[in-house]
Each structure stands twice: as C-alpha cells, then as structure tokens.
Amino acid sequence: MNDEFRHEENDMPRPRTMAEKLLSRAANRPLVAGEVAVCKPDYAMGTDGSIPMALDYLGEMLEGHERGPFAPDRVVFALDHYDSTSGAGALLLQARARDYAQAHAITLFDVGDGIGHQLMMERGHAAPGRLLVGADSHATSYGAFNCFGTGIGSSDLAGILFCGALWLEVPSSIRIVLDGQFAPGVGAKDVALYLARTLDAGGATYKALEFTGPGLANLDMDDRIVLANMSVELGAKAGLFPHDAVLAQHLDEIGVDGVTAVTADPDAPYVHTLTVDIGRLRPQIALPHRVDNVIDLADAPRTRVDVVYLGTCTGGRLRDYAEALEILTAAGRIARDVQVIVTPASRSIREAMERTGMIEQFRGLGAQLESPGCGACCGTCGPIPAANQKIISSANRNFRGRMGNADAEIYLASPVSCARAAVEGAFGQEA
Amino acid sequence: MSDETLARGKVRVFGDDINTDYIVPSHRKKRTIDPDLLRHHIFEDICAGFYEELEGPTILVAGRNFGCGSAMEIAVTVLQRAGIEAVVATSFARTFKRNAINNGLLLCEVDAGEVPEDTPARVCLRDGALALELGERLLSPAQLPAFMLDILRSGGLVPYLRRNGGFQI
Ligand code: SF4
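Protein sequences appear in the order of chains L and E.
Quick note on the working numbering: the first sequence kicks off at 1 and runs consecutively.
Quick note on the working numbering: the second sequence kicks off at 1 and runs consecutively.
Hints listed in this document are in silico derivations from the structure and should not be mistaken for laboratory results.
Heads up, some of the hints might be wrong.
Unchecked claim - Only part of the chain E face toward chain L is listed, based on derived beta-carbon distances under 7 Å:
1. P25
2. R31
3. R94
4. N164
5. F167
It should be emphasised that the depicted structure is a prediction, and the values quoted were computed from it without experimental measurement.
Glycine included, each C-beta is placed from N, C-alpha and C at the ideal position.
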C-alpha cells in the first residue's frame with residue numbers, strides 16, 4: 001500500500017471498502033459511502049453512440065466557442081457502435097466524433113478496431129487504483145483491473161472535456177464471496193446470470209459489487225471481466241476485483257507497471273454479503289425479455305433457435321471462441337438453418353483467431369464472420385434479426401427490441417451453451 | 001410555509017424495470033440525435049402510439065429500476081421534449097438518475113403504489129423538501145443531496161458549469 005493511503009487511513013474514522021478507497025483517491029480526500037464528491041477520472045471514454053451528444057453539450061458549455069478538452073491525454077474516443085451498415089446519419093455522427101478527436105489529439109479507436117471497453121483494457125488504460133468512466137454503461141468492465149469503472153452520460157463526458165472532473169456519489173458495497181471451482185461446461189457468464197437471478201435487475205442499484213473469496217484464484221481475467229461487465233445488469237455502479245497474482249501476471253503480460261493496488265480494509269462495512277459456491281452452479285439461461293428472467297438451462301423447455309450470436313463486450317474474447325469451437329468441432333457441424341454469427345470484441349482478438357486457425361475453423365463450419373466492434377448487440381450495425389426469430393447470445397442484454405427488432409426473442413447464455421445450441425439447433429429439454 | 005411548484009401534469013403509469021431502450025430504442029438514434037424527431041418513438045416497443053396519445057404536461061409514475069440498461073442520455077432528453085415534466089419511480093437506475101439531474105429533469109424517488117391513469121399530480125418544494133401530490137394523496141419522496149438539487153435547479157449541468165466555470169462542492 002502506498003503512502004497516500006497510509007496517511008489517509010490514520011485520519012479515517014472507520015475501515016473502508018474498495019469502492020470508498022478508489023473514489024477517495026480520485027477525489028483526493030477521504031470519502032465514505034453516501035458522500036458526493038468531485039472526482040478527476042484517470043481516463044474518460046466515449047463512443048460514437050455518446051460522443052456527438054457530448055459535443056453538443058460541450059458547445060453549449062463553451063457558449064459556441066470550440067476548444068480542445070481540458071486534458072486530451074485522459075480522453076479516449078471509440079467508434080464501435082456504428083459501421084458502414086448503419087446508414088448515412090450514423091456515419092455523419094461518427095465523422096463528428098472522429099474530427100474532434102483528430103483536431104484535439106485525443107486517442108481514437110476507429111471503426112474495426114473493436115469495442116471501446118475491450119480496447120481500454122487491452123491497451124493498459126484500465127489499471128489498479130484508477131478511476132475510469134465511460135459514456136456507456138458497460139464501463140463497469142474495468143473493475144476487473146482493481147480500478148473503479150463506471151458508466152456516465154454524454155453531459156458528464158462533456159463536463160469532463162470542459163473541466164476534467166465529474167460529480168460522483170460514493171456507493172455502499174455488496175460483497176460477493178466466490179467459493180469453489182467451475183464444473184465442466186460452467187463459466188463466469190453462468191455466475192453473472194445466477195447473480196441476476198438472485199439479486200434481480202435492480203438488486204444492486206446505486207451500489208458497488210466487491211468480488212472476493214477463495215474462488216477468485218480460479219477466475220482468469222476474462223472471467224472477471226464478464227462479472228464486472230454484467231454488474232451493471234444488476235444496477236451496480238461498479239463491479240470491483242482485488243489486485244492479486246492473476247491480475248499481476250496479466251498486467252505484466254500487457255506491459256502495465258507502476259500500479260497502485262487498492263485493497264478493502266478487513267472490517268469494511270458491507271450492506272450485504274452473498275456467497276456463491278461456483279462449483280455447484282449449473283449452466284444458466286436468461287429467457288426473454290429480462291436479464292434476470294434466469295433459470296437453469298436444464299429446466300428450459302425445448303426451444304428451437306435461428307441465430308447463435310457470439311460476440312460483444314461480454315462474450316467476444318479469445319477464450320469464449322476457443323470454448324465454443326471445442327464444442328462445434330467435436331460435433332463437426334452447425335445444425336441446419338442455424339446462423340452462427342461471430343463478432344470478435346477487438347481487432348487483436350480477431351488477429352489471434354487468425355493466427356491460431358480459429359477463423360478458418362469457424363468459416364469451415366459455415367459461421368458468419370463480422371468485423372470487430374459492437375456488431376448486432378444493440379441493433380445499431382451488423383445483421384438485424386427477423387421477426388419471430390429466436391437468438392441465443394453471449395451478450396449481456398435481452399430487452400425486447402435490443403437487437404433492432406422488437407418481434408425477435410433473445411436468450412442469454414454462456415459461449416459454451418450457445419455453441420451447444422448451435423450444434424443441436426435448439427436448447428432445453430423435451431417436455 | 002413556502003411552497004414552490006416544480007412540475008405539474010397528468011399521470012401515465014408504467015411497471016418495473018423500464019429500460020432506456022424501451023424509452024427510445026437504441027437503433028433509432030443512429031440516424032439522428034435530435035430529440036424533437038426522436039420523441040415520436042418514445043415507448044414504441046412496449047406501448048405503441050404513446051406519443052400521439054399524450055395530452056399536455058405529463059408525469060410518469062413507474063415501479064422499480066426505471067431507466068435501467070443503456071446509459072444513453074437521449075432517453076432523458078426525449079422525455080423532456082415530449083412534455084414529460086417529472087418521473088416518479090420506486091427506484092431509478094443510476095445512469096438514468098444522473099442523466100436526469102444533469103438535464104434538469106425532475107425525479108421523485110418514492111413508491112407511489114396503485115395510481116390510476118390521468119391522476120393529476122404536482123411536485124413541489126415545501127420548506128426546502130421535495131413533496132409529491134398525487135390526486136388527494138401527499139407523498140414524501142427521497143430527498144436529493146443539496147449538490148444534486150443545485151444542478152437540477154440550475155437546469156442541468158450545462159447552465160451549472162457555465163455559471164460556476166467548474167464544480168463547487
Ligand atoms: S458490445 Fe453491446 S453491450 Fe457492449 S458496448 Fe457494444 S453495444 Fe454495448
């Protein structure tokens with residue numbers, strides 16, 4: 001622990017949670033849950049979905065004058081929600097974001113580079129001790145890196161461009177203790193869906209989730225990102241993980257050093273503690289049209305599927321595809337009339353898939369490869385499902401209309417369960 | 001006793017977990033982010049014809065977790081441009097709540113129970129505290145921290161930052 005924290009702790013009336021400590025650092029004063037503070041984010045990310053509106057707000061804040069951001073080196077723009085299939089209007093919105101980034105030396109992830117959240121983690125922006133905000137709700141993903149990651153709106157992003165700061169209320173925390181080791185065919189996505197089932201879609205509203213327990217040692221970074229990512233589906237402000245050997249090794253691999261690990265104090269107050277024995281968990285599935293409408297996959301009625309979607313900031317990473325391919329190649333086929341869509345979360349994931357022959361394998365099986373990015377996740381680009389189609393997806397949301405057609409049904413499951421459905425053309429049991 | 005009206009309108013009722021894609025579908029905003037155009041699409045996936053049926057100032061009354069899902073801020077500004085004066089809900093998703101405060105959209109966090117459609121409603125500041133009149137009933141919503149109330153009453157983050165040049169806490 002560094003001196004800054006040791007000093008603060010002497011003045012603190014009580015032990016603090018990880019969320020309280022991370023935001024204290026960002027506000028440069030000791031904070032506890034319930035306080036509202038002005039925080040300086042280490043990085044703020046915007047997407048083509050949120051930047052154009054932020055630039056409108058900024059223009060109003062500056063009364064029509066144009067100037068660069070307060071701290072351009074702390075801002076990242078990601079053009080991930082739209083591509084050439086999104087139409088002329090979207091491309092104009094995107095061009096506005098690109099022009100502003102280029103004019104003011106802002107790091108730009110352009111179309112085809114991948115999903116902004118994935119890139120923030122791949123490129124070393126997400127690192128222990130930091131505050132990262134994203135004008136997109138799945139900025140909670142960064143919590144896997146022992147930093148505070150949370151979603152903001154376009155006006156918040158404009159405020160950060162204007163003065164480098166934003167207001168945040170310090171959340172209280174729910175502790176999630178993970179115990180045990182995954183059974184074969186069960187993974188982090190099943191834990192995330194199980195948490196939605198247990199806590200429900202609003203069960204962690206205004207709160208941070210702090211993951212801990214002996215089971216963490218069995219969760220790699222991809223697993224942790226899934227849990228941090230989907231924390232927001234429970235309403236959480238952040239999903240936080242400690243700094244441990246798994247994270248340290250990963251940071252080493254991607255070349256991030258000089259980090260400040262932040263640890264919750266041993267007696268920190270939690271509003272609630274939930275223990276999950278991940279070894280007893282079976283594959284889960286969210287039925288339409290709610291992420292917390294979750295049952296054991298084995299209890300689902302037999303349901304034929306039309307589309308299997310493998311991608312997004314939740315389920316579009318290398319290991320997701322390796323696990324799916326293992327099942328698809330063992331069966332040697334994708335069921336007739338099932339469309340499997342593969343949208344890698346980033347260009348580097350796609351390149352790794354090329355190198356390892358995974359792209360060839362997916363192609364050989366008849367899967368449809370899409371360019372890295374958000375893809376069909378929220379109906380803003382890529383293939384839109386047809387009316388009455390049933391989609392099983394490795395994504396995070398299944399709201400009615402989420403993929404661009406209110407008459408389609410979206411089921412959420414792990415990449416493994418999605419691949420099984422691709423082989424059988426269906427999931428669940430005959431009545 | 002001071003009493004200042006902040007919002008007034010007739011009630012439209014929604015249930016729990018109304019997400020921002022239900023308020024306005026994400027795919028609608030790829031063509032334009034002009035709330036004057038997008039307001040025609042509010043609630044179209046769950047309540048077709050909602051916008052056309054609106055008559056004058058309206059206050060939404062909903063259940064738990066209103067505004068969950070995507071953090072898209074347009075979900076707040078389309079409601080404002082459609083004439084929604086305030087949203088009453090048992091609880092709000094946090095990104096919707098901050099976007100509402102940052103745009104000066106009045107929120108009342110309170111469990112309003114059963115409310116008939118078209119009930120007249122009024123939100124006011126009574127001796128500095130938020131109060132909600134629903135028909136004959138008087139409810140006390142959760143009080144917003146002074147800092148958030150200051151931004152809300154400034155009309156949102158734009159006028160707040162313009163006035164102060166930065167944040168004042
Ligand atoms: S992949 Fe989907 S959930 Fe993730 S940032 Fe893109 S649109 Fe949002």
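Does the nearest C-beta of chain L fall within a distance shorter than 7 Å of the C-beta of N164(E)? Since the shortest Cβ distance to chain L is 9 Å, the answer is violated.
Taking the closest Cβ pair, is R94(E) under 7 Å from chain L? holds (5 Å)
At a threshold of 7 Å, is the proposed contact between R31(E) and chain L supported by beta-carbon distances? holds (4 Å)
Chain L contact restraint on F167(E) - CB to CB distance below 7 Å: Where the cut-off is 7 Å and the nearest Cβ of chain L is about 4 Å from F167(E), the hint holds.
At a threshold of 7 Å, is the proposed contact between P25(E) and chain L supported by beta-carbon distances? P25(E) check passes; min Cβ-Cβ to chain L is 5 Å, inside 7 Å.
When the structure is compared with the earlier hints, a violation turns up for hint 4 alone.
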